[in-house]
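J.: Single-letter residue listing:
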Amino acid sequence: MMCINRKVSLVLLAIFGLFFVYSFQYPAEIVAFPRFILVVLALMCALLFVKPGDLGKIKVTAFLTPPKVITAVFMLAYVAVFPELGFFATTFLTVFGYILVFERSARLKGFLVALGWVGLLYVAFQTTLHIWFPEGLLM
Amino acid sequence: MEFGFSLAVLKNVFMPFNLLMATFGVVIGIIFGALPGFTAAMGIAILMPITFSMTPEAGLIMMGAIFAGAMWGGSVSAILINTPGTPGAAATVLDGYPMAKQGRAADALRESVVSSFVGGILGVIVLQLFAPPLARVSLMFGPPEYFVLAIFGMTIIASLSEKMIVKGYISGFLGMLIGTMGMDPLLGVPRFTFGITGLIDGVMLVPALIGLFSIPEVMEIIQMHGSREEMIPNLKNIKIGFPTWAHTRRMIPTYLRSSAIGLIVGILPGAGASIASFMAYNEEKRASKTPEKFGTGMIEGVAASEAANNSICAGAFIPMLTLGVPGDSVAAIMMGALMVHGLQPGAELFTTYADVTWTFIMSLYLANVLMLFFGLYCAPWFSWATRTPKHILAISIVLLTTVGAFAVRESMTDVYVMLAFGIIGYLLKSHGFDVVPVVLGLILGPMAEKGLNGTLAISYGQNTAWFILQRPVSLILIGLTVFALVLPYWRARRKDKDPFASHEADIQ
Numbered sequence: 001m002m003c004i005n006r007k008v009s010l011v012l013l014a015i016f017g018l019f020f021v022y023s024f025q026y027p028a029e030i031v032a033f034p035r036f037i038l039v040v041l042a043l044m045c046a047l048l049f050v051k052p053g054d055l056g057k058i059k060v061t062a063f064l065t066p067p068k069v070i071t072a073v074f075m076l077a078y079v080a081v082f083p084e085l086g087f088f089a090t091t092f093l094t095v096f097g098y099i100l101v102f103e104r105s106a107r108l109k110g111f112l113v114a115l116g117w118v119g120l121l122y123v124a125f126q127t128t129l130h131i132w133f134p135e136g137l138l139m
Numbered sequence: 001m002e003f004g005f006s007l008a009v010l011k012n013v014f015m016p017f018n019l020l021m022a023t024f025g026v027v028i029g030i031i032f033g034a035l036p037g038f039t040a041a042m043g044i045a046i047l048m049p050i051t052f053s054m055t056p057e058a059g060l061i062m063m064g065a066i067f068a069g070a071m072w073g074g075s076v077s078a079i080l081i082n083t084p085g086t087p088g089a090a091a092t093v094l095d096g097y098p099m100a101k102q103g104r105a106a107d108a109l110r111e112s113v114v115s116s117f118v119g120g121i122l123g124v125i126v127l128q129l130f131a132p133p134l135a136r137v138s139l140m141f142g143p144p145e146y147f148v149l150a151i152f153g154m155t156i157i158a159s160l161s162e163k164m165i166v167k168g169y170i171s172g173f174l175g176m177l178i179g180t181m182g183m184d185p186l187l188g189v190p191r192f193t194f195g196i197t198g199l200i201d202g203v204m205l206v207p208a209l210i211g212l213f214s215i216p217e218v219m220e221i222i223q224m225h226g227s228r229e230e231m232i233p234n235l236k237n238i239k240i241g242f243p244t245w246a247h248t249r250r251m252i253p254t255y256l257r258s259s260a261i262g263l264i265v266g267i268l269p270g271a272g273a274s275i276a277s278f279m280a281y282n283e284e285k286r287a288s289k290t291p292e293k294f295g296t297g298m299i300e301g302v303a304a305s306e307a308a309n310n311s312i313c314a315g316a317f318i319p320m321l322t323l324g325v326p327g328d329s330v331a332a333i334m335m336g337a338l339m340v341h342g343l344q345p346g347a348e349l350f351t352t353y354a355d356v357t358w359t360f361i362m363s364l365y366l367a368n369v370l371m372l373f374f375g376l377y378c379a380p381w382f383s384w385a386t387r388t389p390k391h392i393l394a395i396s397i398v399l400l401t402t403v404g405a406f407a408v409r410e411s412m413t414d415v416y417v418m419l420a421f422g423i424i425g426y427l428l429k430s431h432g433f434d435v436v437p438v439v440l441g442l443i444l445g446p447m448a449e450k451g452l453n454g455t456l457a458i459s460y461g462q463n464t465a466w467f468i469l470q471r472p473v474s475l476i477l478i479g480l481t482v483f484a485l486v487l488p489y490w491r492a493r494r495k496d497k498d499p500f501a502s503h504e505a506d507i508q
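Chains as they are written, first to last, in our numbering: chain A, 1 to 139; chain B, 1 to 508.
Hints in this document: simulated from the structure, not taken from any laboratory. There's no promise every hint is true.
Here are the simulated DSS-like cross-link-like pairs (lysine-lysine), alpha carbons at most 25 Å apart as the crow flies [unchecked claim]: (1) K429(B) with K51(A); (2) K293(B) with K68(A); (3) K7(A) with K51(A); (4) K101(B) with K285(B); (5) K51(A) with K109(A); (6) K68(A) with K109(A); (7) K429(B) with K7(A); (8) K293(B) with K101(B); (9) K289(B) with K101(B).
Take the sequences, apply the hints, and build the full model.
T.: Take a look at the structure:
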């Protein structure tokens, strides 16, 4: 089985290769420096392939543990819905929902923490620093 | 105003709002430091957008105070629950936790705060003395010197990478590559923007920093969810108070030795607090008459680690303020903050913007005094921070990072940039890459390109390499670059190790 560092070096080499090809869309004088960096990166990846060292075993499942997946989903959903539903509704629902996922019975705690965060961020950013959050459909 | 002592500077430092920001910064810093998984870099990155509506002085004072507070805060969880709150407190665990188990938690906390204070103050003195002359050296720099300086910064950063040298280089040059996105400095043509208008001005540094330093930590924190909670010693009725003079006198050599190590390591770009604290700990062990007792609850072990990791704060600011090469991740973030406030590192900081710079430097004394006060009298109150459930911490960071990135320009593009960098940071970290070189590459990349373009322009008709080699400052920097490249291989050879393999063991 191929060592993880070797796999990583191949993936990176492919990405940098695509980037190099993409650079031909631009005049040579403006991409000379990025191309130089890409060549250095390719050499480093080749070196990593040849001398991968010992990173130990990385299991793919370590990236996808349930708490991590739940957190990633909530984070992506928060960012996606933030401009649509607005700051108040999105923040409250995200925090409340997230706490309920981890502590099913902690409804009051979730409600209070969510309310606390909405209030704190509103006072700190909107009232004090005059940063206007998206109001969205639900205000 | 050679060493910053002027009435205007002191007036600035002690302005009520600035005092409030310093206090707020120290308290927030201690809380961030005490929370396992939170780091000083993350705290400053998340809270940086708040400073944009403040004066540069107030913003820098707050961020400097967070740094000082967090460096000590890390020892609270290291001593109480055997988990370093920040990487710099990793060596504090070795003797701090055994002391807590022996019922000497108050002694360990007292020693950690006093040695942090001494290390911090000594660091600021050195910063005050050495920054102005070094800034004057930067006046001798032209485009070739800046180009070579950027390359030198990259090599030393990557060569000191904690995991693998080659991976450090990959991270650093990846940051440089990302830094080339946006308007080309030569012809003003958009480059690698993939049709996204928000990228025409290049990658915004602040959202990128927020993403890189926060999202991977969120994932690490949530991974700890449900893990066995450590018993935290009850500190409610414990008064820490000042140490005795006899004890302090006995510890002076330790403070001086460890602070010197922290300062030297801090000045080296990329070395980091964990390396400094382990080096100081090892040195203290070597100097001790009873080295075999280290690891069983020796107060000197706590003092060495903490003095070193706090003196590193000021050390890391020296190359950042004078040459624009950040000493560590926090200095990189502070450099981003300086730029956002319209300040460029270099000689100008000590001439045109001397008031702002000296206010910041002098405020570090205040931050250390505040840290000593809160540490000695309020440490038991901060121990609650270590009890916060992990999922509440995780969602709190998600909120702060999103709202913080949005607050930079009130634009969702910055939130998407933050998220993209968060994903990149997580993928890199989970595959054994360090994210600090990415940040430094982002900063040094444009410096290198601008320097190279300038060199090509002024050396028109001559061999560029020969042109660079003819300049004495460039030549010195090239020499240092070669030294930085050779050093890790020489060290590895000496220790009979493969230079490409992990050298984490070296640190420990």
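J.: With reference to the structure, classify each hint as holding or not holding.
T.: These are the hints, each one checked on the structure:
no.	hint	in the structure
1	K429(B) with K51(A)	holds (19 Å)
2	K293(B) with K68(A)	violated (41 Å)
3	K7(A) with K51(A)	holds (12 Å)
4	K101(B) with K285(B)	holds (21 Å)
5	K51(A) with K109(A)	violated (52 Å)
6	K68(A) with K109(A)	holds (22 Å)
7	K429(B) with K7(A)	holds (15 Å)
8	K293(B) with K101(B)	holds (15 Å)
9	K289(B) with K101(B)	holds (24 Å)
When each numbered hint is compared with the structure, violations occur for hints 2 and 5.
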